[in-house]
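Same order as they appear, the protein sequences are chains A and B. Under the numbering used here, the residue at position 215 of the first sequence is numbered 215, and the numbers go up by one with no gaps. Add 1000 to a position in the second sequence, counting from 1, and you land on the number used in the numbering used here.
Keep in mind that a hint or two might mislead.
Pair by pair, the computed Cβ-Cβ distance ranges are [said to hold, decoys possible]:
1. B/L1424 to A/A120: 38 to 44 Å
2. A/G168 to B/A1401: 35 to 41 Å
3. B/A1417 to A/A32: 22 to 28 Å
4. A/G124 to B/S1385: 55 to 61 Å
5. A/T148 to B/W1441: 15 to 21 Å
6. B/D1105 to A/P235: 55 to 61 Å
7. B/V1088 to A/G168: 34 to 40 Å
8. A/P224 to B/S1385: 22 to 28 Å
9. A/G194 to B/W1043: 25 to 31 Å
10. A/R67 to B/W1441: 46 to 52 Å
11. B/F1099 to A/G194: 30 to 36 Å
12. A/G267 to B/A1417: 55 to 61 Å
13. B/V1007 to A/G267: 44 to 50 Å
Hint data in this document are derived by calculation from the structure and do not stem from the laboratory. This structure is a prediction, so every number in the text was calculated from the model and none was measured. C-beta: ideal position from N, C-alpha, C; glycine also.
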Amino acid sequence: MRVLKSHFCECSTMDVARLLAWPLAIIALFAATMHLAAAAGWLPAPRPTLDLDRTILTHQLEASRARQDATLVLLGDSSCLMNVDAAELTARLGQPVLNLGTLSYLDLNASAELLRQFVAANPGQLRAVVLLQHPEALRRPAPQEYHTNLLQHLLDGRDFGPRHTVQGALMSLLGLEIFQSRLLARVLPAPLPGAFRQTYGFSADLDRHLTEHRGSLRDPDVQPLRGSAEYRLAPALERASRDFRAAMPSGVKLLVGITPVPEEFAGRSYSLTRDAMLSKWGQWLEADITLTNLPPMLKDDRFVKTTHLNEAGVREFTETLARALAPHLR
Amino acid sequence: MTFNSAVFLQFFTAFLLLYWLVRHHLRARNVLIVAASYLFYGWWDWRFLSLLFFTSLVDFVVGLRIERAPTDSARRTWLTASIVVNLVVLGTFKYYGFFIDSFADLLRAAGFTPHLPTLHIVLPVGISFYTFQSMSYAIDVYRRDLVPTRSLINFLAFVSFFPQLVAGPIERAAHLLPQFERTVKITLPMIEEGLWLMVWGMFKKVALADNLAPLTDLVFQSDSWNAPAVLLGTVAFGFQIYCDFSGYSDIARGTARVLGFDILFNFNLPYAATNPREFWRRWHISLSTWLRDYLYIPLGGNRRGPARTHVNLLATMVLGGLWHGAAWNFVLWGAWHGTGLAVHRAFAERRSEETTRGGARFRALAWCATMLFVFYGWLLFRARSFEQIVGMTRALADFTAPAWLASYGVNLVAFTAPLILMELWQSRHGGPLAPLRWPRWARGLLEGALLLGIILYWDKDNVPFIYFQF
């Protein structure tokens, strides 16, 4: 029986190579142009507003570097960013407040860096710094490497992307990272994820919202209250706190507080734990004031997740914070 | 396994190597294609391989039995067996829950408290595609349009051919099956066409459809709407589903092309249509022709008077809607298109010679009306509930602008403009393969830019192909 051939090719390997040569040459040309343009300084600085975290960090860093009217700056993790309404606080205190809270994935060194940037851009203007962290952030042993690197690259004006993946490495090699963060992100707002998209829309809208609300944001992403309620101070926090203190300009008051946790979730004994943590942390920071009269807990229905408050919660906490701060800012 | 995944790139590279190794043996090639196709499908869920094999086996055996049947009645019995088995498989895995839930709703509305048996079955990927493809083989053999194959391997390869297994095109045995029975020739123009289709298809999926997906979600996952949101969201979905599905079809055809095979074109610039009938001649061509040949014409087509023709159109499109998914909005979408086709047919029959010669202005108006019709259909298709359809339709009277309007507009333009520009050019220069006539450097420039776009947005959110669920 004759065995039929499967297939035969009427072209040579060279023919196929010639076919691929043009697209590959174009890609190589693009990569060379991007790297050259970035190295020569022909392109604007990276502004990678490509997702929620990067938009928040980029905005807060730019805010810290811009001329501002604020005499009081809020610094801290995402509970500072999302649980305090800086515009409302400004109205209640009668002095301009700027919220430079960032993300729980960063540590106090990031807050210290933002403070340095603010002081450099607005010399002699600052009267007080309020440092607010959630107990979950206080027990975190180390910041996330990705976020720390991202902030450092933003500070240095360098391009940054996740290079541990094949796509990330290719993006970097082919100059797409440069193209995306220096050019594309400036003209094409990125849609935000999940509930943030439904509430704020796109990165440009979030950016505008942050500016209009003096750096504050509300978390719309409702999730069940979960995690461990055993709160403690991470040993690494001591060193970070002392470094933060060193970044404080002289003559500026440092007030420190811990943002609330859900009442049922944390348990009643948490109040004592919070007081002990705040006292110790205040000592490490050599804080001028420890805000012991802030509520350690709020009702569970004031939260969208363990760390973040809903609209009613933000209103309540901002009101309490204003009352707690007022006597110390006169 | 999906085309837009790293594992498919590895799979296809390995497959090409093995394909080259078996180049002297047709039977070995077909065994390789079946093995690779089953691996491709089993990567998603190996348990459903048995279902794919069972469906194929039934129609293979039925094909042979029909040929050998001594009487017409025996032939009909075997065909009925094939149709019943295929529809039972489809009904069990795809529609059982839908009909039980709908029946339970009906009973509840009548004041009863139903306790009906429910099955929690995962919907096998691509079941509607391969069931229809396999079933049409038995029908073609019954109609004596096709001589049944005697090779099970060739038949398995025809049903499971991995480029088009999970989301079509729904191939006809008369077109694809003979290709497994002969030596195929691979020429440079075929490779050029295959590469172009793979790159353009992947760009449409990864760079356009996947970036339109969050725009669609922003509107359709909301609970409150206004006219700008509804209009923009519906346009975004219309382009998303087109880029997603036509992207898949292009990759499928391109992949087959570089292997030396030819599979059907599934799309031909559908948004250039100027009436509903033309739209269905350009959109999901393999399904619309399947419905025409195996449903509309057997129902009587247009041979039994205008009233019956309209009923046939409506019935065909309602079932076509239901083919897409077990939900009432798909039925409504099918009915919408059935009604549109019937109205257009009635209009076309009475249209005077003068109107037909209306020229560019008439065509522009007809195009606008067709797009309004098609895109409102997409709203019905994408909506999650009847309440949402009503809410979004009512919102068309509310012209409040959402805060994100400008950002949305920029994104919508950015991720639809490449498609619109390309298709405008294609429509004026000879159709989807027109770029193949460009000089090599010009096509290289375009393919290079498209590849950069693919890498830029590769696996961004790992959005699955929309039509996998059907």
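Taking the hints in turn, this is what the structure says about them:
Between B/L1424 and A/A120 the CB atoms are about 52 Å apart, so this pair departs from the stated range of 38 to 44 Å. In this structure, A/G168 and B/A1401 meet the distance hint of 35 to 41 Å, their C-beta atoms being roughly 37 Å apart. Checking the proposed 22 to 28 Å range against B/A1417 and A/A32 shows it holds: the Cβ atoms sit about 27 Å from each other. A C-beta distance of roughly 60 Å is found between A/G124 and B/S1385, which places it inside the suggested range of 55 to 61 Å.
For the pair A/T148 and B/W1441, the beta carbons lie near 45 Å from each other, so the given range of 15 to 21 Å is not met. The given range of 55 to 61 Å is respected by B/D1105 and A/P235, whose C-beta atoms sit roughly 59 Å from each other. As the Cβ distance of B/V1088 to A/G168 is approximately 48 Å, the hint placing it in 34 to 40 Å is violated. Separated by about 25 Å at the C-beta atoms, A/P224 and B/S1385 satisfy the suggested range of 22 to 28 Å.
Taken as a hint, the range 25 to 31 Å holds for the pair A/G194 and B/W1043, whose Cβ atoms sit roughly 28 Å apart. Taking 46 to 52 Å as the suggested C-beta distance range, the pair A/R67 and B/W1441 conforms, at roughly 51 Å. Between B/F1099 and A/G194, the C-beta spacing of about 33 Å keeps the proposed range 30 to 36 Å intact. Our hint of 55 to 61 Å for A/G267 and B/A1417 holds, since their Cβ atoms are close to 56 Å apart.
Our hint of 44 to 50 Å for B/V1007 and A/G267 holds, since their Cβ atoms are close to 47 Å apart.
Figure legend: structure checked against the earlier numbered hints; hints not met, in rising order: 1, 5, 7.
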